[in-house]
Amino acid sequence: MSDGHLLRPPGARDEAEFLRRCLQCGRCAQLCPFGSIFLEAGFDPRTCGTPRIDPRRTPCWLCMRCPPACPTGALRPVTEMAKAGMGRAWLDKARCSTYEGSILCKTCHEKCPLRNTALIMDLGMFPVVTDACVGCGVCESVCPRQAIVTLPRAALPPGAGGGTP
Amino acid sequence: MTRPPLRAVRRAVQIGVALVMAAVPLANAAGVNWISGNFLALDILGLPLGDPLAAAQVAASARGIAWPAALGAGLAMGLALVLGPVFCAYACPYGLFSEWAHGLARRLGRVRPGRFPQNGLAGRAVLAGAGLAVVGLWGLPPLVNLVSMPAAYSRLWQYALAGALWLPLLAVPAVLCVEVLAGARLWCRFVCPQSVALALAHRLAPWGLGLAYAGKRCTCPPGARRCLAACSLGLDPRRKAPPAACTNCGDCLDACRQAGRALRFRLGRPATGLSATDSTSPAGRL
Ligand code: SF4
Ligand code: SF4
Ligand code: SF4
Ligand code: SF4
Numbered sequence: 000m001s002d003g004h005l006l007r008p009p010g011a012r013d014e015a016e017f018l019r020r021c022l023q024c025g026r027c028a029q030l031c032p033f034g035s036i037f038l039e040a041g042f043d044p045r046t047c048g049t050p051r052i053d054p055r056r057t058p059c060w061l062c063m064r065c066p067p068a069c070p071t072g073a074l075r076p077v078t079e080m081a082k083a084g085m086g087r088a089w090l091d092k093a094r095c096s097t098y099e100g101s102i103l104c105k106t107c108h109e110k111c112p113l114r115n116t117a118l119i120m121d122l123g124m125f126p127v128v129t130d131a132c133v134g135c136g137v138c139e140s141v142c143p144r145q146a147i148v149t150l151p152r153a154a155l156p157p158g159a160g161g162g163t164p
Numbered sequence: 000m001t002r003p004p005l006r007a008v009r010r011a012v013q014i015g016v017a018l019v020m021a022a023v024p025l026a027n028a029a030g031v032n033w034i035s036g037n038f039l040a041l042d043i044l045g046l047p048l049g050d051p052l053a054a055a056q057v058a059a060s061a062r063g064i065a066w067p068a069a070l071g072a073g074l075a076m077g078l079a080l081v082l083g084p085v086f087c088a089y090a091c092p093y094g095l096f097s098e099w100a101h102g103l104a105r106r107l108g109r110v111r112p113g114r115f116p117q118n119g120l121a122g123r124a125v126l127a128g129a130g131l132a133v134v135g136l137w138g139l140p141p142l143v144n145l146v147s148m149p150a151a152y153s154r155l156w157q158y159a160l161a162g163a164l165w166l167p168l169l170a171v172p173a174v175l176c177v178e179v180l181a182g183a184r185l186w187c188r189f190v191c192p193q194s195v196a197l198a199l200a201h202r203l204a205p206w207g208l209g210l211a212y213a214g215k216r217c218t219c220p221p222g223a224r225r226c227l228a229a230c231s232l233g234l235d236p237r238r239k240a241p242p243a244a245c246t247n248c249g250d251c252l253d254a255c256r257q258a259g260r261a262l263r264f265r266l267g268r269p270a271t272g273l274s275a276t277d278s279t280s281p282a283g284r285l
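Each protein sequence line maps, in turn, to chains D and Y.
Its first residue numbered 0, the first sequence is counted upward by one per residue in numbering that gives the first Met the number 0.
Its first residue numbered 0, the second sequence is counted upward by one per residue in numbering that gives the first Met the number 0.
If a hint is listed, it holds; no wrong ones were tucked in.
Here are a few chain Y residues that sit away from chain D, every Cβ distance over 12 Å (derived from the structure):
| # | residue |
| --- | --- |
| 1 | Pro4 |
| 2 | Leu208 |
| 3 | Gly259 |
If you anchor each label on the Cβ, the simulated ranges turn out as follows:
| # | chain 1 | residue 1 | chain 2 | residue 2 | range |
| --- | --- | --- | --- | --- | --- |
| 4 | D | Ala81 | Y | Gly77 | 34 to 42 Å |
| 5 | D | Arg45 | Y | Gly128 | 15 to 23 Å |
| 6 | Y | Leu44 | D | Ala15 | 29 to 37 Å |
| 7 | Y | Gly122 | D | Thr129 | 53 to 61 Å |
| 8 | Y | Ala132 | D | Ala81 | 37 to 45 Å |
| 9 | Y | Gly63 | D | Pro143 | 39 to 47 Å |
| 10 | Y | Leu74 | D | Gly123 | 51 to 59 Å |
Just so you know, these hints were derived from the structure itself, not from any lab.
Source: prediction; values computed, not measured.
Just so you know, even glycine gets a beta-carbon here, dropped at the ideal spot from N, CA and C.
Model the full assembly from the supplied sequences, consistent with the hints where possible.
Here it is as structure tokens:
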């Protein structure tokens, strides 16, 4: 996670507003059928108890069950995958097997819940993450070369997509 | 026919709540979702129930009503308006632990009645109000939740499942130790900000459940009042209006049943026109 920013569940508002609203009730984490969300531990009184996702542990599969469960609207009640607005994935071509020319991998493309919009295949071969990516982290979790990192929305440079609402 | 002491019923409820709340994260992980959340915001069969102070902090900080949480807080307040702060006596797991700690303090001879003041609600209200103001004015996260003892209890289980430790949890055994040493339930009486709204509702609602004391029936000799000895919060229930910190736990009532039966529960308080000494009031006994 860059700059200490945390990858939040789908529908999360801008980080400052999210922190104001999140009650730390843990419902989102308890109801996630994949166990993707865990509650931040530690000493920081502002963030401890708030939900986060670590794609290398378990990514979010964009089932969109958690946003409507949030009692405070810290997660906006979105149900459309394309509006999850969690962040954005970045693919390091230097590490990707396909770009490197060793093997034709395609794993990320096959698993992306928004395949062909968020993750497209250039020339039918080379994976490209687009601005439609919402940052669920599935591609990061499945990439055998660890060529992909998911940045939380709060850590993105302005205008860098991330399926912002 | 003798009724079972209220205390036995209350213990069963308290332990039941503590067990259910411990089981919630496990149940959710197993796909059972009719109950979810923690003591800050619960959802039971689609019905929200939550901590009024938590919802108030979000409303103050985000400058807007957060609906399901506000509704849950409203339901909790409604319950307190009718039944008093029964959450503290019948549901809060910290209350249960604190009562057990107090029992231990009693056995160790550390409880000395009259050492701490009777009134603690004003101080608690100031603490809660200050916390709410700071969070609201500076637009901070709901920081007062960090000192919610019931929330700490549910978080213990939420974190245990994830194999993580949430460090403020260590505060719970620490406060319990202090309470045993002091021989008084200091947190619930003088600190807990979460119970303030519930206690105020109890204080202000004239129609709610509360104690009524019929002085002329009291048979205990001065210096050996059973009710005083029974109240784990160190309150004196022999008043025209019930003590502000009273949680309607009924321990004093159970004790008084062995003596003059001068204490009763009553809907509608003496302050609303029912005489404190009129034990045959039609307002009803409970
Ligand atoms: S959208 Fe589904 S998979 Fe993703 S975090 Fe929410 S509940 Fe879990
Ligand atoms: S459901 Fe909402 S309020 Fe509760 S922990 Fe998740 S984001 Fe926070
Ligand atoms: S590109 Fe990766 S992070 Fe973006 S939506 Fe697809 S799987 Fe999720
Ligand atoms: S005064 Fe009686 S009912 Fe009230 S808290 Fe004390 S023992 Fe319980």
